[in-house]
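*Asks:* Numbering follows full-length UniProt numbering, with no gaps: position 124 of the sequence shown is 124.
Among these hints, one or two may not hold up.
Unchecked claim - If you anchor each label on the Cβ, the simulated ranges turn out as follows:
1. 116 x 54: 36 to 42 Å
2. 108 x 174: 51 to 57 Å
3. 283 x 108: 43 to 49 Å
4. 184 x 15: 22 to 28 Å
5. 28 x 132: 25 to 31 Å
6. 211 x 33: 49 to 55 Å
7. 273 x 62: 45 to 51 Å
8. 62 x 284: 44 to 50 Å
9. 211 x 108: 35 to 41 Å
10. 316 x 119: 31 to 37 Å
11. 127 x 165: 25 to 31 Å
Unchecked claim - List time: in silico DSSO-like cross-link candidates among lysine-lysine, alpha-carbon distance up to 30 Å:
12. 136 x 196
13. 176 x 222
14. 132 x 196
15. 111 x 176
16. 26 x 136
17. 136 x 176
18. 136 x 277
19. 18 x 277
20. 82 x 195
21. 82 x 132
22. 176 x 132
23. 196 x 220
24. 63 x 132
25. 220 x 111
26. 132 x 220
27. 222 x 184
28. 195 x 220
29. 176 x 196
30. 195 x 63
31. 277 x 222
32. 195 x 111
Source of the hints: derived by calculation from the structure; they are not laboratory data.
All of these numbers come straight from a predicted model, not from anything done at the bench.
Beta carbons are placed, not taken as given, at the ideal position from N, Cα and C, and that holds for glycine.
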Amino acid sequence: QHLLPPQTWTNSINQANKMALLAWAKETGIELVQINGQRRYGAPPPGWVGDPPPAGTEVFIGKLPQDMYENTLIPLFQSVGKLYEFRLMMTFSGLNRGFAYAKYSSRRGAKEAIAAFNNFEVREGCAIVVCKSTEKCELSVDGLATSVSRQELEAVLRRVTEGVLSITLYASPCQKQAQLAVLKYSSHQAAAMAKKTLMEGNTRLVGVEVRVDWLNPDLKQKLQLCEEKPSSSRAQGGKCQGVPKQAPLAPVLRNALDRLNALCQRQYLGTPLFLTKCVQANPNGWLRFWCRVVIPGCPVPFSGFTWVQQDGPGRSGHEEAKLAVALQVLRMLGESSHGLGA
1 QHLLPPQTWT NSINQANKMA LLAWAKETGI ELVQINGQRR YGAPPPGWVG DPPPAGTEVF
61 IGKLPQDMYE NTLIPLFQSV GKLYEFRLMM TFSGLNRGFA YAKYSSRRGA KEAIAAFNNF
121 EVREGCAIVV CKSTEKCELS VDGLATSVSR QELEAVLRRV TEGVLSITLY ASPCQKQAQL
181 AVLKYSSHQA AAMAKKTLME GNTRLVGVEV RVDWLNPDLK QKLQLCEEKP SSSRAQGGKC
241 QGVPKQAPLA PVLRNALDRL NALCQRQYLG TPLFLTKCVQ ANPNGWLRFW CRVVIPGCPV
301 PFSGFTWVQQ DGPGRSGHEE AKLAVALQVL RMLGESSHGL GA
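Turn these sequences into a full structure, and let the hints guide you.
*Replies:* Okay, here's the thing in structure tokens:
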């Protein structure tokens, strides 16, 4: 007896299945939205009240026949628990890409789906794979020029992706004279869509071609170890230079705050408001701050992370962080750092 391969690939659309999908959608009133290479149901589904489900409620579905659609899959996976969202990855030709994601209203629903449908034959000889989704939310972008600032990168990413929460720049551990960025997104879906956009769209980030991938756990650990030793990693001249390059400000730059206030007045903007929070303190004196600058009249606030050292007993880390971020905002607003001591 001839056995079918575990996953059947095809180059043509099964018109009967496509018509069945359209008829099912019309009959049930279910709305399917296709965007960025995936077709989505729910998020939230009709009648949903409250916040989205917590982490651990999504399953990955693999080895799907390419001509199998939501009219078969949603009722199947809905049979074991309430679906919050179902995403089927699609090709440009209208076939599915062989995998999907189902997010349940509870972790119990996800467990039931794995127990019921892992190795389940959706067609004779065609068993699918169902397992817990890793729900990764972080990407690594390697190969950025050393001149690229976090603000420049953020401006590009906000134009072409959605849901970016934070951006951290490191010296690349793999390439000389390059930076690596770690991007954290609001959800696995947002990160996956960003990865697809940045890879398949051949997007050039701030003028350079880069390598985009999920953040590898080993790489993440290596970067975290580098973070713990900001000054020693630079002093030793090794490859492990993970800390954002924030040196103490030179004396001629101490009036960056005054310069920023003057610039805002010239451009008829309000007085900058600074929010600073120390998120990490290392034994060698380096402090890592999250900073946000809100300028009345500017539509988008400036935000990010910076490393500073306290400059003597009379200055606090917060003051140093404000000086550092003020200088960055000046650069973003087009003000040259030359002559800041004037």
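*Asks:* Does each hint fit the structure? Answer for all of them.
*Replies:* Now the hints, each set against the structure:
1. 116 x 54: 36 to 42 Å: 21 Å, violated
2. 108 x 174: 51 to 57 Å: 42 Å, violated
3. 283 x 108: 43 to 49 Å: 45 Å, holds
4. 184 x 15: 22 to 28 Å: Violated, at about 43 Å.
5. 28 x 132: 25 to 31 Å: 28 Å, holds
6. 211 x 33: 49 to 55 Å: About 31 Å separates the Cβ atoms of residue 211 and residue 33, which means 49 to 55 Å is violated.
7. 273 x 62: 45 to 51 Å: 49 Å, holds
8. 62 x 284: 44 to 50 Å: For residue 62 and residue 284 the Cβ distance comes to about 47 Å; the hint holds.
9. 211 x 108: 35 to 41 Å: 39 Å, holds
10. 316 x 119: 31 to 37 Å: 60 Å Cβ-Cβ, so the 31 to 37 Å window is violated.
11. 127 x 165: 25 to 31 Å: Violated - the Cβ-Cβ distance for residue 127 and residue 165, about 37 Å, lies outside 25 to 31 Å.
12. 136 x 196: Holds, because 14 Å separates the two Cα atoms, which is no more than 30 Å.
13. 176 x 222: 17 Å, holds
14. 132 x 196: 21 Å, holds
15. 111 x 176: Violated, because 45 Å separates the two Cα atoms, which is more than 30 Å.
16. 26 x 136: 34 Å, violated
17. 136 x 176: Answer holds: residue 136 to residue 176 is near 28 Å, not above 30 Å.
18. 136 x 277: Status holds; Cα separation ~26 Å.
19. 18 x 277: Violated, at about 54 Å.
20. 82 x 195: Measuring from Cα to Cα gives roughly 28 Å; hence the hint holds.
21. 82 x 132: 16 Å, holds
22. 176 x 132: 38 Å, violated
23. 196 x 220: Given pair residue 196, residue 220 holds - Cα atoms ~21 Å apart, limit 30 Å.
24. 63 x 132: 15 Å, holds
25. 220 x 111: 29 Å, holds
26. 132 x 220: Within the cut-off at roughly 22 Å; holds.
27. 222 x 184: 17 Å, holds
28. 195 x 220: Between residue 195 and residue 220 the Cα gap is close to 17 Å, so the pair holds against 30 Å.
29. 176 x 196: 26 Å, holds
30. 195 x 63: 21 Å, holds
31. 277 x 222: Roughly 25 Å separates the two Cα atoms, so the pair holds.
32. 195 x 111: 27 Å, holds
Consistency with the previously given hints fails for numbers 1, 2, 4, 6, 10, 11, 15, 16, 19, 22, ordered from lowest to highest.
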